[in-house]
Structures are given as structure tokens and as C-alpha cells.
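Colleague: Please model the entire structure based on the sequences and the hints provided.
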Amino acid sequence: MNQPDFLDVVSFAPGGWGGALLAGAWMTILIAISGFLIGSIIGTFGAWAKVSGGRTIRAIADGYTTVLRGIPDLLVIYLFYFGGSAAVTAIGRFFGSEGFIGFPGFLAGALAVGITSGAQQTEVFRGAFKAVHRGEIEAAVACGMSRAVRFRRIIAPLTLRHALPGMGNVWQVVLKESALVSITGVAELLRQAQVGAGSTGMPFNFYVVAGAIYLMISTFSGALLQWSERYFSRGVRRN
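Take the sequence shown: its position 192, counted from the start at 1, is 192 in UniProt numbering, and no numbers get skipped.
Keep in mind the hints are simulated off the structure, nothing from the lab.
Where hints are given, some of them may not hold.
[As the list claims (entries may be wrong)] Label pairs and their calculated CB-CB ranges:
#: 1; residue 1: W48; residue 2: A90; range: 28 to 38 angstroms
#: 2; residue 1: I33; residue 2: R152; range: 23 to 33 angstroms
#: 3; residue 1: L30; residue 2: A59; range: 26 to 36 angstroms
#: 4; residue 1: G102; residue 2: A23; range: 13 to 23 angstroms
#: 5; residue 1: P157; residue 2: R69; range: 26 to 36 angstroms
#: 6; residue 1: I41; residue 2: F232; range: 18 to 28 angstroms
#: 7; residue 1: R147; residue 2: A212; range: 46 to 56 angstroms
#: 8; residue 1: G211; residue 2: R152; range: 34 to 44 angstroms
#: 9; residue 1: G135; residue 2: F94; range: 51 to 61 angstroms
#: 10; residue 1: G99; residue 2: I41; range: 30 to 40 angstroms
#: 11; residue 1: I41; residue 2: T200; range: 39 to 49 angstroms
#: 12; residue 1: W26; residue 2: E138; range: 44 to 54 angstroms
#: 13; residue 1: A90; residue 2: G15; range: 40 to 50 angstroms
All C-beta atoms, glycine included, are put in the ideal place defined by N, C-alpha and C.
Modeller: Right under this line is the structure:
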């Protein structure tokens, strides 16, 4: 039997894998965006805890960033997926259900990626806040701005400006971490490439295509982040 042409295999024609790979790429983007947004929320509160919190709150935030930055991301995904499945199964048995109940793979992956990226974004936001010149905040106080107005008009925009380069690096890491979510059975890009490679006996070709798709997503998102940096840096003199 002749080996099928690879272009036909990855096409969008009937029997081709183009649609499956495209759906996997979309799932990868959804996981990455969800994890990044969760991490941004965690990072905001984590940075606040390290900058303005009391001794206990700062200790908790330090412990969180130390632990999450020190253990493998894959282990965090395993803990969320299997730990969540064990918890859901126990709850189901309490209400009379029998058998194993799996924790949703997408939710486990998004939470795990969010928790790990949150530790990184905590440090990004903390460093960005420290980069805001004290004189700008003191000027806002002198103008009679309330704390809320100060945060909305001075602190948040300036912190975001300084944080954007670091957030861009975190996004690239999150995008690559999304490939690990395939272990939960989520049909993201790498998982679809694995299935296609096993079904056609063309692993190298499928993984090359998957790598090219990851690179396109990374390049486009990187360009978007660079545009955001330029937009939020309007009026700032560049050295």
C-alpha cells in the first residue's frame, strides 16, 4: 500500500487532518489565554501582598512564589487533575454516585497553568510597581487625588507600562506550558498531532507542522505584545 501524500493528510479535505489540527490550535490558545488571565489576577494580588501586605501576608505570598517557581509545571497539572478527580469522586459518592468521576481536563489545565504563571506574574508586577518613580505618586497625593483615583490614573497605568515586557515573557512560557495539558486528554494542538502521527505513521511530519503552528501563534502574539508596549509607552523618551 502506497504512503499517502502528506499534503493530502494535513489538508482540510475529507479524511485530512487540517481541521483537527486547527481545532487543536484553537484549544491551545484558549488554554493559554485562560491560564494567563488567571495568573494575571493571582499575580496582581500576590504583588499587592508583597508590596503592601503585613508580615503574615508577605510570608504567604513569598511561600507561594517560592513553591510554584520551584516545582515542575507538569507536576502541578498532575496534582490539579488527579487531585480534582479524587475530590469530585468523593463528592459524587457523598451524593450517592458510584464509580470514578474525572475532573474536566480543560479546567484542570487552565487552573494549573494559571497558578504557575501567577507566581511569575507576581514578581513581574512587584518589580514593575517598584519601578514607578516615587515622585509621580507623591505628585498625585499633592494634587489631592484619593487612593482609588491615584491607583486608576497613576499607579495602574505606570505599573502596566513597566510590566508589559515581563508579561510578554510569561505569555510565551504559558503558551509552551499549554502543551503539557495534553496529558489530561484535552484535544489541544500537541494531542491532535500525537493522534494524527499514530494514525498515519508519519510522526515527524505531524510534529513539524505542530511546531510551525506554535511558532506562528508565538510570533503573532509577540508582535501584538510589542505593539502594546509601544502604545503604552507613548510620550516616553527612548534611550
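Colleague: For a quick check of understanding: which of the numbered hints are violated here, in increasing order?
Modeller: Failing hints: none at all.
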